[in-house]
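Engineer: Sequence:
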Amino acid sequence: MGEDILSIRTAQHWFNRFKNDNLELDDLPRPGKPLEVDMDLLKQLIEQDPRLTSR
1 MGEDILSIRT
11 AQHWFNRFKN
21 DNLELDDLPR
31 PGKPLEVDMD
41 LLKQLIEQDP
51 RLTSR
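Each residue of the sequence shown is one higher than the one before, counting from 1 in full-length UniProt numbering.
Take the hints with a grain of salt, since some may be wrong.
Said to hold, decoys possible - Label-pair distances were calculated between CB atoms; the ranges are:
| hint | residue 1 | residue 2 | range |
| --- | --- | --- | --- |
| 1 | L6 | R30 | 16 to 26 Å |
| 2 | L6 | P50 | 28 to 38 Å |
| 3 | F18 | R51 | 36 to 46 Å |
The set of hints was computed from the structure by calculation and includes no laboratory data. Here a beta-carbon is modelled for each residue, glycine too, at the ideal position from N, C-alpha and C.
Could you build the full structure based on these sequences and the hints that come with them?
Structural biologist: Below is the structure:
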C-alpha cells in the first residue's frame, strides 16, 4: 500500500462512527497522547541541546 492510502480497518472504523451519527473528526484523548504541547518548555529544551529531534 502507498503511504497516502487509507487502511481498510481505518475506513471500517470511520464508517461505523458515521453510521452511528458520530460526526466528530477530532481524535479523542487516549493514554500516551499529550493533550497539548508546552511550547515554552519545548523551546527551552531545544536551546539546552540543539541536537534534540522529535519523531
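Engineer: Is the distance from the Cβ of L6 to the Cβ of R30 consistent with 16 to 26 Å?
Structural biologist: Between L6 and R30, where Cβ atoms are some 20 Å apart, the hint holds.
Engineer: Within 28 to 38 Å: is that where the Cβ-Cβ distance between L6 and P50 falls?
Structural biologist: 37 Å, holds
Engineer: For the pair F18 and R51, does the Cβ-Cβ distance stay inside 36 to 46 Å?
Structural biologist: 44 Å, holds
Hint check: no violations occur; every hint is consistent with the structure.
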